[in-house]
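Colleague: Here's the letter readout for the chains.
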Amino acid sequence: MSSISNALSFIPFQSVNHHVIPPSLLLRAGNAANIEVLWFRKCRLSWSSQKACVFRVKAVGDSINSTGSEQVEDGAPVDFAAKASDSDRRVGALRVMIISLPSFVALVKRNAGSKYAMGIYIASTFVVIVARLILSRCKIQNKHGSVAELVRRGQLRSDRRGISNPLKYEDPFNNPQVKIEKNKSKVEMCGKVYRLAPVTLTQEEQLIHQRRRSRAYQWKRPTFFLKEGDPVPPGVDPDTVRWIPDNHPFASTATELDESLAQSNVFQKDGVPFRVRAEHEALQKKLENIQTSKTEMGIKQNNVPERERSAEPSTGPYDKVEPNPSPDHGNHNLDSSGNR
Amino acid sequence: MASLLSSNTNVSSSFVRFSPSSHSQLLPSSLRETLPLPSSVRRRRGPFASRAVLQWNRKPQLAGETPRVVVITSGKGGVGKTTTTANIGLSLARLGFSVVAIDADVGLRNLDLLLGLENRVNYTAVEVLNGDCRLDQALVRDRRWPSLELLCISKPRSKLPLSFGSKAIIWIVDALRSRDAAPGPPDFVLIDCPAGIDAGFITAIAPANEAVLVTTPDITALRDADRVTGLLECDGIKDIKMIVNRIRTDLIRGEDMMSVLDVQEMLGLPLIGVIPEDSEVIKSTNRGHPLVLNQPPALAGLAFEQAAWRLVEQDSMTAVMLEEEPKKRGFFSFFGG
Ligand SMILES: Nc1ncnc2c1ncn2[C@@H]1O[C@H](COP(=O)(O)OP(=O)(O)OP(=O)(O)O)[C@@H](O)[C@H]1O
Ligand SMILES: [Mg+2]
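Listed in order, the protein sequences are those of chains G and D.
Be aware that the first sequence starts at 1, since it is given in UniProt numbering, and climbs by one per residue.
Be aware that the second sequence starts at 1, since it is given in UniProt numbering, and climbs by one per residue.
Since the hints were made in silico from the structure, they are not lab data.
Honestly, I wouldn't trust all of these hints.
[Unchecked claim] The calculated lysine to aspartate or glutamate pairs, modelled on EDC-like cross-linking and capped at a C-alpha distance of 16 Å, are: (1) K220(G) to E233(D); (2) K184(G) to E325(D); (3) K184(G) to D218(D); (4) K76(D) to D239(D); (5) K269(G) to D132(D).
Source: prediction; values computed, not measured.
Kindly generate the complete structure, drawing on both the sequences and the hints.
Modeller: See the structure below:
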């Protein structure tokens, strides 16, 4: 930063290098001197070319902001002190100009018209300012602290609030958010105005594109998916086969499910799903087997002592499962575990 | 934003495909209100419809056969397909239509995040195929707008059975079409397509009858968009409309960005929406709260709402917004008015 300010402040002083004062003289001036620097540079506006001076004033301003009193060591403000006496008369000229300014304003006023007109201007400005203040205050009062604020902050979901009233549009093409101009040249959406251009596509053009595509892309949707390397089954047109690489999500390990079964699974409208029923039946069969083997055992062991036979009802768990469960029962269990 | 103009206010657009309900497009909106609706439009609504419609005084006319299966695709990645699916899906739900949004991005799903439903996805289509659950159990219902349901194809690490190809998603859409439980068949099935044109794309477009092509106004996205449009047309999906996303009017004015009309000239597709670049999009992604729910509405949210409206009516834009006019401060703006 200081290097920039050095570079900048260097330029304006090149022309006055012949006045050199020891730096010590300036050090006591401190920041006050810096302000004077700025004021003094402005005086030079009168004799320098306009553009260059703007740059110079800016440059000095920068150096004040960024480097403060550090600038004193540059040797540049030194030049200023020397220059001060030199341009006293220019300061005088500026003061004269400032003093003469009020009379100029009065002249303008006199030309503008009567004092009444001025009064009306001032009064109307005042009224406008007051009206604006009142309006903005009303707006702030409306916004602050209402539940809408909670929705805005994401604490509440507007759509899930019981008390929120649903938005009522006439239709999506004509509602408070969407307005189309009569001649269809403009549309206003969400407060922004967009220019509209008519769609020029005709039915013929659509057909031309369709014909172009049918020439460019000749394709038949494959209806057979085979894993790469599998033989093509007899009676299948190789053109309708899609070869699926091994790592594809479709390339499942061989399914034991046959096609008609899968199809009937999809079309099943009620009752227990196939696999659940199959598993249930398998379990039931197993239990029945156990049961029959048990009773056979019981018959065989018919001659066991009385006290052992009395303990038999405690093998009850099988009894509870055994009565064949109604489809409704299984269905109910599934419903509760389904996606609903 | 640009979106603005829709022919539905007085003149019927030249792009409107004639559909059972399109005769009403020629009537002023006030008249249409009182007319008996064509049978395709007069449909039984779910129990939630009355709540969802509250926001609007007027409803768009549903054109075409329901359910309308729309794939939202782009070719290039990251241009805003998922954002578009979430916002259009929710807009449609708020208009009172029942919508199923399918996230067909198998490896990298994120529609659930954008809708704020990530904690409620227990089952996906893979579990439905395996028979672990029924289809209706895999549909996640949005509590804010219950007529919107989300279906994810798979969990991040589970894999879709390869051998079914794209048949699985066709079955799912057919099952939704024939649904007779509570909400009935949906009015719209929106499919969020993954980027690229490989197996994921092939699967996502398989059940669709129409497509919304999302693109940004830069040359890389446009080339991919043209390619994808060509593939869709080869597959028989001729009803393709486009949304131009991330428009910056300040750049268009300085000729640093292609304008929407330039984009249209290159692709030759009718427009249903022009979405401005808007920081609110990112904020809404972070919150899991689609932009169209914002109050006060955001610029991009309004544009998505308009796009959804046009999608319903099978309408397209007749004028696009080009650049921002410098704001004229009127005399009264001095008063804060
Ligand atoms: N109009 C917009 N203004 C600002 N940001 C946007 C806009 N649209 C999308 N984005 C941002 O772009 C990013 C990608 O969006 P998004 O996930 O919707 O793209 P995608 O096409 O689904 O990507 P992928 O191909 O990975 O599925 C997101 O972070 C989103 O916030
Ligand atoms: Mg995505």
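Colleague: Please verify whether K76(D) and D239(D) have alpha carbons no more than 16 Å apart.
Modeller: Outside the cut-off at roughly 20 Å; violated.
Colleague: Under the criterion that the straight-line Cα-Cα distance not exceed 16 Å, is the pair K184(G), D218(D) satisfied?
Modeller: This hinted pair is violated, its Cα atoms lying about 27 Å apart.
Colleague: Is K269(G) within 16 Å of D132(D), Cα to Cα?
Modeller: Satisfied, since the Cα-Cα distance of roughly 13 Å is no more than 16 Å.
Colleague: Going straight from one Cα to the other, do K220(G) and E233(D) come out at no more than 16 Å?
Modeller: Holds. K220(G) to E233(D) sits at ~10 Å (cutoff 16 Å).
Colleague: Under the criterion that the straight-line Cα-Cα distance not exceed 16 Å, is the pair K184(G), E325(D) satisfied?
Modeller: Within the cut-off at roughly 14 Å; holds.
Of the numbered hints listed earlier, those contradicted by the structure are 3 and 4.
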